[in-house]
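Protein chains: 2
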Amino acid sequence: MSLDKTWYTEEWAGQGSAISLKIKDKVHDEQSPYQRIEIYETETFGTLMTLDGLVMVTDRDNFMYHEMMSHPALFTHPDPKRVLVIGGGDCGTLHEVLKHPSVELAEQVELDERVTRVAEKFFPELCESNNDSRARLHFADGIKWVADAKPGSYDVIIVDSTDPVGPAAGLFSETFYKNCLKALRPNGVVVGQSESPLFHADLIRSVQKSFKAAGFRDVATLFFPQCTYPSGWWSATMACKQGSVAQFRAQDSAAKGFATRYYNHEIHAAALARPEFLR
Amino acid sequence: MSLDKTWYTEEWAGQGSAISLKIKDKVHDEQSPYQRIEIYETETFGTLMTLDGLVMVTDRDNFMYHEMMSHPALFTHPDPKRVLVIGGGDCGTLHEVLKHPSVELAEQVELDERVTRVAEKFFPELCESNNDSRARLHFADGIKWVADAKPGSYDVIIVDSTDPVGPAAGLFSETFYKNCLKALRPNGVVVGQSESPLFHADLIRSVQKSFKAAGFRDVATLFFPQCTYPSGWWSATMACKQGSVAQFRAQDSAAKGFATRYYNHEIHAAALARPEFLR
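Chains as they are written, first to last, in UniProt numbering: chain A, 1 to 279; chain B, 1 to 279.
Incorrect hints may have been included.
The list treats identical chains as interchangeable, and a pair is accepted whether it falls inside one copy or across any two copies.
The list that follows gives simulated cross-link-like pairs (lysine-lysine, BS3-like), each with its CA atoms no further than 25 Å apart [what the hints assert, rightly or not]:
1. Lys5 to Lys22
2. Lys81 to Lys178
3. Lys178 to Lys209
4. Lys178 to Lys241
5. Lys209 to Lys22
Honestly, the hints are just simulated from the structure, not real lab data. Keep in mind that this is a model prediction, so the values were computed, not measured.
Chain A on its own, in the form it takes in the complex:
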């Protein structure tokens, strides 16, 4: 079959493959100073946001990504109080972070304010913690923000970025990771999205190597499903200044006292298991 214009299609660059979502309507289309932001209503995935034609968020499956970008790192840190989210303009990661009662400050540094303003309108459930008194939304360059941060500013840094091309490329560099190390307090943990294990295994290995080279003590990758991202399988790579990233507050996680849809303490441990081809 051929797919007509009632479908939104993302061709997975260089992978000879594509995902398509059946569209009811395009409800928003703007060119921000940084990128093209489009919002569609889909038939079965709810609302869809794309940036420069690439899927960022759908109502139906964003929970896996947002939960796995936040809870493993926060349950790895012994007592996360100050959290920085780089990127993450749809605010879904921030929303998960603020479920942790230990968190006193959650700063989000997104380059493109329009992404957040559009998300507030079309993804209100992801943005419902934006007015939490612990939340601070900044619209600025995350690379510069971390470089300029006072040493020991944060317990956890979450790099919720787009693909490693264009402005986000610097978020996958050893220099950036060194600045993260400096910006973290002694027990600090950093996690960054690291693309598809099936399509980008080399990138995952390179991110792991760069975290180590930057001086992090231990590094591990989390693996999880994400239907609407390339290959349907995604990863986040986590590193810590001290101790081991395989250790986490499993008892606290098991008694977390807040709702999730994908994450739990068993999933946390399971996500750390390395497929044979990545060992």
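Fit chain B to the known structure of chain A by using the hints.
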């Protein structure tokens, strides 16, 4: 973008979504007595087989499915000697089963001989164990085969079926599972593919319930990525006559002595972790 005829597209039925693979050539097309069998050469997924227009196997990603359909069940059984594969006409599961030195007999019962003959031609690496002296290929109705089997014939039964519609629907029924129970020896283990956790959570719950109702002692679902199947996330549900399906020969698995690309003992344990929405 719209996708033209240089793409093979599978619309995921009822899910308003689709996957597409860029095609270089269609190299085979036949109508067997049971279904339409097509083979394509893709740009980046190697050879692709479809049955009635649905993706069955690609060179690039079949390893995850075939390994997870076989090794967890075989490492759950204490000493698997006699194994039955229902369906599995591409022979990839059989190939994995025969990697276990304890296996003395591996019988495959596929309805459509043409699937196997076409696989032998286009997926030779999946079929390279077909001439193993322990392998027996039968072309017959798997439902009837299990119903007619002498009680206590098998240690492990693997239901490597297509979707639960048409001839495969009976492979998801309590009656079939009861016949599996009877056909298994006391330590017997059965595993069947159980569709996408994101798209078919109700089916997974129903399969779990039916295994229990059929008299199996313990049931658990394995979760794993599978890029070219609906949602990119797949499952297999496993049940045992005795003991617990969470127990497996982890030490034997860790020292398995044969090559895999996805499966290992950590992945085995990890695959049993239940996402929060399925607890």
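Going through the hints against the structure:
In the homo-oligomer, the alpha carbons of Lys5 and Lys22 lie at most 25 Å apart both inside one protomer (9 Å) and across protomers (18 Å), since each shortest distance falls under that limit. Taking CA atoms no more than 25 Å apart as the test, Lys81 paired with Lys178 passes inside one copy only; the shortest distance there is 21 Å, against 54 Å between copies. Within a single copy, Lys178 and Lys209 get their C-alpha atoms as close as 12 Å, which meets the 25 Å cut-off; across copies the closest is 51 Å, which misses it. In this assembly of identical chains, the alpha carbons of Lys178 and Lys241 lie at most 25 Å apart only when taken from the same copy (11 Å versus 54 Å across copies).
Neither within a single protomer nor between protomers do Lys209 and Lys22 lie at most 25 Å apart by alpha-carbon distance, with minima of 39 Å and 33 Å respectively.
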